[in-house]
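Chains as they are written, first to last, in the working numbering: chain C, 1 to 149; chain H, 1001 to 1149; chain V, 2001 to 2416; chain S, 3001 to 3416.
Hint data in this document are derived by calculation from the structure and do not stem from the laboratory.
Since we're looking at a predicted model, the values are computed, not measured.
Be aware that a few hints might be false.
DSSO-like cross-link-like pairs, simulated, lysine-lysine; straight-line CA separation at most 30 Å [said to hold, decoys possible]:
{"hint": "1", "chain 1": "C", "residue 1": "Lys80", "chain 2": "C", "residue 2": "Lys16"}
{"hint": "2", "chain 1": "H", "residue 1": "Lys1126", "chain 2": "V", "residue 2": "Lys2414"}
{"hint": "3", "chain 1": "C", "residue 1": "Lys16", "chain 2": "C", "residue 2": "Lys126"}
{"hint": "4", "chain 1": "H", "residue 1": "Lys1080", "chain 2": "H", "residue 2": "Lys1126"}
{"hint": "5", "chain 1": "H", "residue 1": "Lys1136", "chain 2": "H", "residue 2": "Lys1126"}
{"hint": "6", "chain 1": "H", "residue 1": "Lys1016", "chain 2": "H", "residue 2": "Lys1136"}
{"hint": "7", "chain 1": "H", "residue 1": "Lys1136", "chain 2": "H", "residue 2": "Lys1080"}
{"hint": "8", "chain 1": "C", "residue 1": "Lys136", "chain 2": "C", "residue 2": "Lys126"}
{"hint": "9", "chain 1": "V", "residue 1": "Lys2414", "chain 2": "H", "residue 2": "Lys1016"}
{"hint": "10", "chain 1": "H", "residue 1": "Lys1126", "chain 2": "H", "residue 2": "Lys1016"}
{"hint": "11", "chain 1": "C", "residue 1": "Lys16", "chain 2": "S", "residue 2": "Lys3014"}
{"hint": "12", "chain 1": "C", "residue 1": "Lys126", "chain 2": "S", "residue 2": "Lys3414"}
Some chain V residues well away from chain C (every beta-carbon gap over 10 Å; in silico) [to be verified]:
{"hint": "13", "residue": "Pro2017"}
{"hint": "14", "residue": "Met2063"}
{"hint": "15", "residue": "Gly2117"}
{"hint": "16", "residue": "Arg2269"}
{"hint": "17", "residue": "Ala2273"}
{"hint": "18", "residue": "Gly2381"}
Think of the CB as a built atom: it goes at the ideal place given N, C-alpha and C, for glycine as much as any other residue.
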Amino acid sequence: MDVDALYQEIILDHYKNPHGAGLREPHEAEVHHVNPTCGDEITLRVHLDGDTVADVSYDAEGCSISQASASVLYDLLVGKSVPQGLAVLDAFSEVMHGRGQVEPDEEVLEDGIAFAGVAQFPARVKCALLSWMAWKDAVSQAVSDPKEQ
Amino acid sequence: MDVDALYQEIILDHYKNPHGAGLREPHEAEVHHVNPTCGDEITLRVHLDGDTVADVSYDAEGCSISQASASVLYDLLVGKSVPQGLAVLDAFSEVMHGRGQVEPDEEVLEDGIAFAGVAQFPARVKCALLSWMAWKDAVSQAVSDPKEQ
Amino acid sequence: MTRTQGYDVEAIRKDFPVLARSVAGGHPLVYLDSANTSQKPRQVVEAIERHYLEHNANVARAMHQLGAEATAAFEGGRDKIAQFIGAPSRDEVIFTKNASEALNLVARVLGDVGTVGPGDEIVISQMEHHSNIVPWQLLAERTGATLRWFGVTDEGRLDLDDLDTLVNERTKIVSLTWVSNMLGTINPLDVVIARAHQVGALVAVDASQAVPQIPVDVASLGADFVAFTGHKMVGPTGIGVLWGRYDLLASLPPFLGGGEMIETVTMERSTFAAPPHRFEAGTPPIAQAAGLGAAVDYLTALGMENVAAHEQAITAHALERLQEIDGLTIVGPREPVDRGGAISFALDGVHPHDVAQLLDSRGVAVRAGHHCAKPAHRRFGVQSTTRASFYLYTTEAEIDALVEAIRHTQRYFKVS
Amino acid sequence: MTRTQGYDVEAIRKDFPVLARSVAGGHPLVYLDSANTSQKPRQVVEAIERHYLEHNANVARAMHQLGAEATAAFEGGRDKIAQFIGAPSRDEVIFTKNASEALNLVARVLGDVGTVGPGDEIVISQMEHHSNIVPWQLLAERTGATLRWFGVTDEGRLDLDDLDTLVNERTKIVSLTWVSNMLGTINPLDVVIARAHQVGALVAVDASQAVPQIPVDVASLGADFVAFTGHKMVGPTGIGVLWGRYDLLASLPPFLGGGEMIETVTMERSTFAAPPHRFEAGTPPIAQAAGLGAAVDYLTALGMENVAAHEQAITAHALERLQEIDGLTIVGPREPVDRGGAISFALDGVHPHDVAQLLDSRGVAVRAGHHCAKPAHRRFGVQSTTRASFYLYTTEAEIDALVEAIRHTQRYFKVS
Ligand SMILES: Cc1ncc(COP(=O)(O)O)c(C=O)c1O
Ligand SMILES: Cc1ncc(COP(=O)(O)O)c(C=O)c1O
């Protein structure tokens, strides 16, 4: 396994300049997720406007893969409807669990296709999925309890 | 290891016709010992007359080795003084733990020399020692608390 | 004699080098103590050896290549076990050190979470292995709950006559063996599980003797917990399994605290990982999981239906042959119906210890004692028995050697 | 460079076949993750293999020849451990599944016996492994006792300034690591043990990183309990050790209930065997004890003084070389004084995960993360570190390869 497949230029760019980083108001749900193996953490907020993901804001500490993944998530999900966002999450997860056998769809995943290489490194898949699992959790909280802070 | 070394004629005789079996009065101490591995059990009473072992009575359930050993114990210890009895116990234990390398003294152990063969069967040493450990326990109770019971 | 189609016991025996051994006195080994622990095929031992010499590392937390290989071997063992027992999810498979720890884990965490208290009842049976008695006694003692139990019939079957009164609305936990390690009985778990769930009780099954012998599907069994142990199913020592329903496991607190089972730790407090890791504190039995995975592969290749049929055939032969011996009394079912491959017996005039010793002098390895089932022995008025137990490599010739050695024992002790 | 007289690391490496492996990309393996788990010499793996293929049986309860052989192997492992750690009696050596179970065992039984309650205090430290934190948190939670802890100095040493107030007449238990698996610090246990005993507290020592590295004599140490683990001392996974003072062990109730740990069992109640068996429920790690015995033989043949001296020399070399790297900060003592062979560090601009990944791409296996010591990381304001750890087979050339791979990482991530 070639480490260059993991550390694509796109990933390193997102790592150095993460999009959408920082915690912002307003938000309907906030979650805190941890990767227990390595300690990577993310606090992630979701703000919905009706059915639309109006904002995703986050404070993440972790490796290049987990940081870049949160940045790409921000790019991909903000502005989409919740069902659209969940479809993107499914597509991303499928590639991540594909052990390098699943061809990513650039139409859907845009910069996220750079993570195809991560799928060949099973130990890093959890890094790439950390922010996505947090987003899924936050969205389901926001949807089920829209008034709650 | 030859099983005939274990099942000496003397042992089988004591097994078939155990000496001193049954629980009798009077006694100053009664103990119950178990071999947890196989479940062999003995209830053993000691009656002291001053410093003399006036009686050892017992109810034992177990294999030929443990039963015969109690019978031989009865023969050897009744009538002896407590210190003499403890010396016999030491001699018997030494042979039992000798892995067949310790020559038993017939003057001291009489029929007990037949147990020399048991020492070659580590799993059976506990059988042979069950009644002896019970006796030691009972005597120490009787000596430390002579008025009780 | 019944033979399973295509089941070649002589070929199977070649996988178990120890079976070709001779023991003291030059007698070939006749190993009839498989309910105590099974022998291991070369394939299992080689999997362990290969793991240690080529792929050894710690799991999960190591992110180098060796760590990835070790994690794949360990988690691969979990996948194989999950599939072997029909677990709906791999995350329901918890590795413990043995079946005893698995049962204690259940008893401890149910105690910690307040499942039982004064007035509540825990139901077991008189034929349980000590490992499925003592944890519940200790739990009852700690919580003030009452321990009750199923009796055993004269034939050695679970006495279900008072099922509906014994398992009642006060019952919170029922823990029962699937196959008795002493009597050989296979219990009708379905009726007990149905009744227990009717009254809202949780059901734990001690499958230590079942998983090695019969096809097991935990999903259709319907119990809440199932415990078993690696070393009885051609796997290594040092590993056992607790299967539990996921939603139930997810609702329970941890048993042991430490590495691997946490989510986050501060000095003040900790949060815990999801099952199965929540219940696996510290470095797990890594090489043992790799070995157990190889054991599952071995059993699967033979086919558990074939293993069960062979066990059945050998047990039938043994029951028949043993009952030809005057003065021999089988304790437990005498018919090969709902019966596993362990036969305990008494021999008039010879203590079980002495029987086992004489058999050993002829190369025949059996167990003598209470087989960690003292209450079941007491039920039949015996302090101990001799037990012969069979497995996938046992031959009819070995049964015949057992019978011949018992007759020799009778002559030696002059009781026939 | 310092070299221990007659200690031939190249010859030693030949006993560890995995060290001759190459990993992905064809790089020779440079295994610097021994604090996580050690590699195993051929001698240990062969002892396990031989046990399974020639002597496998269950122990204690089996009275046939194979059973006697297995029992000799298992109890022989206990004898060897007892001698290796200077235990006054072999009956003080309890086999557990790992160090975590050993520490939890102590916490659980002290809880069951009422050693601590509301108002009582348990003292640990901020540099403990999670396995020596969580069991005490859970105990405090169950009993209402208060958990307190030693801090850590900026240098990474145990902060003993408030020893006399921290360990006071309310303190019932002190549990402390001997060698930190993250910082590498070797703690001055003697002063803590003296103070703890002065106030009547019990002392447990987590010797998981000590027993593999330095000569240990529990009798002169003077603690009440000592826990360690097989897989870090060239032994197998699936086995750990709890040593305890005999009179103390004899006064404690069992932890797990089941086979092997009983004296007698009725349905109503049970009585329990004497230590160590009281604390070993179920089939023990038999093959693992045989393997651990071989591990002890291996270490003894090398001489623990030599192992310690080698560790010391390698660590000194590594501390020196690593500090040559700009942007690398060692977390923990920087001088090879009272220091074990684990070095955790931060590299400016590169996350530890990414460091480990890059090193792995060069064949260098290290650990990245919190090393099951989150509070110690928090103490130093880092969420995770990269850790290189050494053992008896580590060479200076491997340290140099580590340094080169770190420089490569810096170039790759353009931070130098
Ligand atoms: C200091 C320390 N304590 C405890 C442990 C736990 O050991 P185990 O995982 O074998 O239970 C470890 C190793 O992981 C350790 O380094
Ligand atoms: C029915 C039954 N339950 C539980 C056990 C305990 O298994 P282990 O000793 O592996 O914990 C055994 C075997 O000894 C058994 O036969």
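Original post:
Going through the earlier hints one by one, which of them does the structure break, listed in rising order?
Top reply: Hint check: 11, 14 and 17 fail, others pass.
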